[in-house]
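**Student:** Residue numbers (our numbering), protein chains in the order written: chain A, 1 to 95; chain B, 1 to 95; chain C, 1 to 95; chain D, 1 to 95.
Hints are computed from structural coordinates only; laboratory data are not their basis.
Heads up, some of the hints might be wrong.
Note that identical chains are pooled: a pair holds if it fits in a single copy or bridges any two copies.
[Stated by the list, open to error] No more than 16 Å apart at the CA atoms, straight line, and that leaves these computed lysine to aspartate or glutamate pairs for EDC-like:
hint	residue 1	residue 2
1	49	3
2	49	7
3	14	51
4	49	72
Protein chains: 4
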Amino acid sequence: MIDEQTEALVRRLKSIEGHVRGVQRMLEEDAYCIDVLRQTLAIRRALEKVDALVLERHLSTCVTNAIRSPNEGEREQAITEILEIFAATRSVSEK
Amino acid sequence: MIDEQTEALVRRLKSIEGHVRGVQRMLEEDAYCIDVLRQTLAIRRALEKVDALVLERHLSTCVTNAIRSPNEGEREQAITEILEIFAATRSVSEK
Amino acid sequence: MIDEQTEALVRRLKSIEGHVRGVQRMLEEDAYCIDVLRQTLAIRRALEKVDALVLERHLSTCVTNAIRSPNEGEREQAITEILEIFAATRSVSEK
Amino acid sequence: MIDEQTEALVRRLKSIEGHVRGVQRMLEEDAYCIDVLRQTLAIRRALEKVDALVLERHLSTCVTNAIRSPNEGEREQAITEILEIFAATRSVSEK
Numbered sequence: 001m002i003d004e005q006t007e008a009l010v011r012r013l014k015s016i017e018g019h020v021r022g023v024q025r026m027l028e029e030d031a032y033c034i035d036v037l038r039q040t041l042a043i044r045r046a047l048e049k050v051d052a053l054v055l056e057r058h059l060s061t062c063v064t065n066a067i068r069s070p071n072e073g074e075r076e077q078a079i080t081e082i083l084e085i086f087a088a089t090r091s092v093s094e095k
Numbered sequence: 001m002i003d004e005q006t007e008a009l010v011r012r013l014k015s016i017e018g019h020v021r022g023v024q025r026m027l028e029e030d031a032y033c034i035d036v037l038r039q040t041l042a043i044r045r046a047l048e049k050v051d052a053l054v055l056e057r058h059l060s061t062c063v064t065n066a067i068r069s070p071n072e073g074e075r076e077q078a079i080t081e082i083l084e085i086f087a088a089t090r091s092v093s094e095k
Numbered sequence: 001m002i003d004e005q006t007e008a009l010v011r012r013l014k015s016i017e018g019h020v021r022g023v024q025r026m027l028e029e030d031a032y033c034i035d036v037l038r039q040t041l042a043i044r045r046a047l048e049k050v051d052a053l054v055l056e057r058h059l060s061t062c063v064t065n066a067i068r069s070p071n072e073g074e075r076e077q078a079i080t081e082i083l084e085i086f087a088a089t090r091s092v093s094e095k
Numbered sequence: 001m002i003d004e005q006t007e008a009l010v011r012r013l014k015s016i017e018g019h020v021r022g023v024q025r026m027l028e029e030d031a032y033c034i035d036v037l038r039q040t041l042a043i044r045r046a047l048e049k050v051d052a053l054v055l056e057r058h059l060s061t062c063v064t065n066a067i068r069s070p071n072e073g074e075r076e077q078a079i080t081e082i083l084e085i086f087a088a089t090r091s092v093s094e095k
């Protein structure tokens with residue numbers, strides 16, 4: 001049984017999946033490039049919303065447990081992982 | 001008959017579609033949140049590659065024709081649309 | 001004599017320069033980290049506005065001339081450079 | 001007396017300040033637009049590095065204390081603030 005929060009996330013991803021198929025059809029029907037880009041940007045926005053919800057859950061559960069744990073290593077790993085995600089969504093890629 | 005370039009873009013999007021389904025399964029199987037985020041970031045990277053290819057084709061065809069056209073309005077619209085896409089992928093969202 | 005557009009861009013950059021000095025002071029006065037991050041994000045937003053204005057001018061002048069030029073190499077370079085800037089502001093950095 | 005870490009951050013920001021002045025001069029000397037954009041992108045990269053260092057310090061100090069605190073409100077605020085920063089650096093701005 002998956003919890004409600006997870007079900008909501010899966011529904012968002014199913015909608016994104018459908019949206020990706022929609023862009024495939026646009027390309028096959030030779031849609032105007034800017035219209036295609038508007039749709040891929042909308043898909044990226046939807047993915048970012050999923051990311052924010054997943055991160056929120058992660059901070060409230062795994063990160064909280066790790067930081068409250070007497071095991072210093074767990075805390076450091078939790079912080080390292082958050083910084084990894086933050087760095088990965090950096091806006092300006094390395095040269 | 002769609003051209004090779006479009007076929008390649010559609011293949012990329014089909015792979016992205018499969019990748020999105022994969023993340024759905026990860027969530028259903030209660031995968032570690034950071035692993036989920038790593039996958040959604042990989043999907044976003046793949047989408048950005050599609051964007052770059054679509055933009056390249058757009059610049060080489062529609063934008064080139066619009067800028068070479070005697071119709072000044074076509075040039076201005078082509079420039080406005082490029083700026084719209086550039087602004088939409090701004091890295092820091094408005095307050 | 002620099003034109004009005006350039007003067008406006010230089011004024012924006014002088015304001016950004018002052019904003020950067022402001023963040024230096026915040027750090028020296030041990031301001032709350034999130035407040036510091038809010039200011040660096042505001043600086044990045046201001047820089048992106050400068051980028052958009054510079055790109056708009058570039059598209060309307062250099063890119064227009066290059067695409068209208070009989071020299072095919074000039075057109076290709078103009079397109080390559082726009083794609084370089086677009087790729088550099090990719091939102092998700094490579095692994 | 002400011003600590004070494006803060007001194008290092010202030011030095012980075014002084015270098016960014018100088019870099020911004022450099023772009024002002026480029027504009028005043030009518031430098032090629034793409035060269036200007038390359039520099040503003042480099043400044044944004046440098047700012048993102050400052051952000052990552054500030055966030056790392058924040059996670060290791062304020063967030064750790066807030067999450068370990070018996071005061072549930074402190075924990076929730078710490079998580080909300082991290083999500084605010086994460087959302088603000090979203091890569092695709094809202095329509």
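**Student:** How would you classify residue 49 and residue 72 at a CA-CA limit of 16 Å: within, between, both, or neither?
**Tutor:** neither (31 Å within a copy, 25 Å between copies)
**Student:** At most 16 Å between C-alpha atoms: does residue 49 with residue 7 qualify within a copy, between copies, both, or neither?
**Tutor:** Only inside one copy: residue 49 and residue 7 sit 15 Å apart there, 29 Å across copies, limit 16 Å.
**Student:** Check residue 49 against residue 3 for me: Cα-Cα at most 16 Å, and say if that holds within a copy, between copies, both or neither.
**Tutor:** Classified as neither; 19 Å inside a copy, 34 Å across copies.
**Student:** Taking 16 Å as the upper bound on the Cα-Cα distance, should residue 14 and residue 51 be classified as within, between, both, or neither?
**Tutor:** within (15 Å within a copy, 21 Å between copies)
The structure does not agree with the numbered hints 1 and 4 stated previously, though it agrees with the rest.
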